[in-house]
Amino acid sequence: MVKKKRSNFLAYVAVILVAIVVILPFVWMVVSAFKSQRELFAFPPTFFPTEWKWENFVEAASRGSISFLHMFFNTMKIAVPSTVFNIIFSSLAGYAFARLRFPFREKIFMAFLAAMMVPFAITLIPRFLMFKDLGFYDTYVPLIVPVMFGTPFSIFLTRQFFMTLPKELEEAAIVDGCSHVRIWAQIFMPLCKPIIATLTVFQFQSSYNDFMGPVIYIASDAKFTIQMGLSSFRNSFTSRYDLIMAGSILALIPVVIIFICCQKYIVRGIAMSGLKG
Amino acid sequence: MSKVRLLNKKTGGLTLKQKEAATGIGFILLPLISLAVLMYYPIIRSFFISFFDWNLLSDPVFNGGENYKTLMKDEVFFQSLKNTLHWVVMYVPMSVITSFLLALLLDRKLKGSGFFRTMYYLPVVCPIVVVALLFVWIYNTDYGILNFILKELFHIDPIGWLTDTRYSLFAIAVMSVWKWAGYNMLIFLAALQGIDESLYEAAALDGVKPMTLLFKIKIPLVMPSIYFVMLTAVIDAFQMFTEIFIMTKGGPGYSTYTVSYYLWSNAFEYNKMGYACAMAAVMFVIIMVVTLVQNKLMNKKVQYDA
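Protein sequences appear in the order of chains A and B. The numbers in our numbering rise by one with no breaks, and the one at position 172 of the first sequence is 172. The numbers in our numbering rise by one with no breaks, and the one at position 26 of the second sequence is 26.
These are calculated hints, taken from the structure and not from any lab test. Possibly wrong hints are sitting among the right ones.
Claimed, not checked - Part of the chain B face toward chain A, derived, beta carbon under 10 Å:
1. A21
2. L71
3. L105
4. P123
5. V125
6. I138
7. D142
8. A181
9. L189
10. G253
11. Y270
Even for Gly, the Cβ is constructed at its ideal location relative to N, Cα and C.
Excised from the complex, chain A in its bound form:
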C-alpha cells in the first residue's frame, strides 16, 4: 500500500513536470506578446512584462497587408463549406459502405482506404495544373473542392461507427417503405453526434491550419488566410516578435475555443482512427 502511494506520488510529479514543459512555450508566447520592443530584447530577459502593452494586439490585428478580421473571414470562407459538405457527403458514403449492398462495394472501399496512404506531394502538381487550367488559380475553389465531396478519413470513420449500430434500427423503417435518405437523415445522423463533432473539429482544423494549400493557390493579398498572413508577418516585421506573438495568439484563439468545447469527442475520434492500424 505504501509502495503504491509512493509510486503514485512520483507519477504525479512526472505528470506535472510534463505539463510544465508543454505549457511553458505558450506562456512565453503570451508574455512576449505583451512586451515592449525594448524589453523584448533586454538582457537579462524579464519574465513578466514590466508594462503590459495591449496595443501590440491592436497593431498586430491591423498592421498586416489586410486586417486580421479580413483574414479570419477569408479563412472561414474555406473552412465552413469544406467542413459542412465534407460531413454530409462522407456520412452518406459511410452509410452506403456500412449498410447497402451494391456491386464492388468492398473494392471501392479499399480504393478509398488506399488513398489515405498517398502522400499529397504526388497529386500536388497535376491538381495544381488542373485547377489552373480551369481558371481557379487565386480562388478558394482548389482549397474547398478536394475536401467537400468527402475524404477517405471521414468516410472511414463514419462507416466504422455505422457498423456498430444494430441492424434492427432501420429494419422497421425499411419494411415501412422508408427511403434510405430518410433513414440516414432521421435515424443514423442523430445517433452519430459524437462522430459529427469529431469530424467537425478535424475538418475545421485542417482547413484552418492549412498552409501549403493557400501558399500554392492564393496570390493576391486580399485573399490571404490567417496562416498566410501570419507567415508574411515574419517577412514584413522581421524582428518584431512582439507583434508576431500577438498575431499568433489571435490565430490560436478560434482553434483553442473549438478544442476546449469538443475535446472529449476528439479523444474518442483519435482512439478510433489509431486502432485501425
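Got chain A sorted already, so can you dock chain B onto it with the hints?
Only chain B this time, still in chain A's reference frame:
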C-alpha cells in the same frame, strides 16, 4: 400498405435489391468521382508529366528519362533524402518513446488524468505556423530564451539552433516531438486501455514484476499502434513542408531541405514541373516500399490477438 409492398417486391420496375444497389451507388457517387478525378487521375498524370520538360510557359517537351537521370545526379535531392533519413532516425525514437511514456503515465488512472490528457494535447491543435514562429523566437541565437536558460544553468555558450547546420534539423525535431507527442500518446493510450484487465489480474497473481509486465505484456500488445505511429512518422518526414518554409527555408546550407520542400521549390519557384513530378514519383516508390516492409513486419510480429 407495408405488407403489400413486401409481397410485391417490384417497385418502379426494379427489385428491392436493385433499388438498394442504385441507392448505394448514388450515395457514394460524388465522393467516388472526387476520388478518381482528384486522387487517382493525378497520380497517373504525375508519372506522365515526369517524362516531360515543362516550365508552364511553353508547351511540354518529351525528354524520355532525362528528368530521372538528372535527379540521380542531383546533390540537393540526395541531401534532402539524407536529411529525411536523418530525421527519421532522430525523430521516430524520440517521439515514440516520449509518447509511450506519457501514455503509460496517464494509463495509471490518476485523479485528474483527463485534465492532463487535454493539456498534453494542446500543442497538437495549435496551427503549425504558430508553433514554428514561436520556436523561431525561442530558438533565437542572441535573444532566445532557450540559450539564456542554457547559459544560466549549464554555462553553455549560445547555440545557433536554426543557423548552425549541426543543430538545425535536431532543433526542428525537438519542436515536432513537443507538438505531436500528445497525438501519439492518445493512440497508445487507447491501445493500452484496450488490453484485457484479466491479463493484469493473472500477472498480479503470478507475482510478475512491473518491468516484465511492461516488456512481455504491454509493449507486445501495443505493437500494432507503435507500428502505426512509426509508419505515419516516416510518411510525414517526406511531407514536411510548413516547418521548413517558416523556420529555415531549407537552410542553413541545405541542412534542412526535405523532399517535399525541394519538390515545392522546383515546381513553384523554378517552374520545373516535369522535374518535380519525377521527384514525386521517386518519393511515391520509396513510401510504397516503406509501407510494404512495415506491413510485412507487422504481420510477422503481431500474431497474438488478445
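Inset, instruction - Could you check if G253 (chain B) really has its C-beta closer than 10 Å to a C-beta on chain A? - result: Interface hint status for G253 (chain B): violated (20 Å vs cutoff 10 Å).
Legend entry - L189 (chain B) as an interface hint toward chain A, with CB separation required under 10 Å: holds (8 Å)
Inset, instruction - Verify the interface restraint on L105 (chain B): the C-beta must sit less than 10 Å from at least one C-beta of chain A. - result: Holds, because the Cβ-Cβ distance from L105 (chain B) to chain A comes to roughly 6 Å (cut-off 10 Å).
Legend entry - Interface hint outcome for I138 (chain B) [beta carbon to chain A under 10 Å]: holds (6 Å)
Inset, instruction - Answer holds if the nearest beta-carbon of chain A is closer than 10 Å to that of A181 (chain B); otherwise answer violated. - result: holds (8 Å)
Inset, instruction - Could you check if P123 (chain B) really has its C-beta closer than 10 Å to a C-beta on chain A? - result: P123 (chain B) check passes; min Cβ-Cβ to chain A is 6 Å, inside 10 Å.
Legend entry - Hint check, L71 (chain B) versus chain A [nearest Cβ-Cβ separation less than 10 Å]: Hint on L71 (chain B): violated, closest Cβ of chain A at ~14 Å, above 10 Å.
Legend entry - Per-residue hint verdict: A21 (chain B), partner chain A, C-beta under 10 Å: holds (4 Å)
Legend entry - Minimum beta-carbon distance criterion (10 Å), V125 (chain B) to chain A: OK, holds: V125 (chain B) within 10 Å of chain A, min 4 Å.
Inset, instruction - Report holds or violated for the interface hint on Y270 (chain B), using the least CB-CB distance to chain A and a cut-off of 10 Å. - result: violated (13 Å)
Inset, instruction - Under 10 Å, Cβ to Cβ, is where D142 (chain B) needs to be relative to chain A, so tell me if that hint holds or is violated. - result: Since the shortest Cβ distance to chain A is 8 Å, the answer is holds.
When the structure is compared with the earlier hints, violations turn up for hints 2, 10, 11 and for no others.
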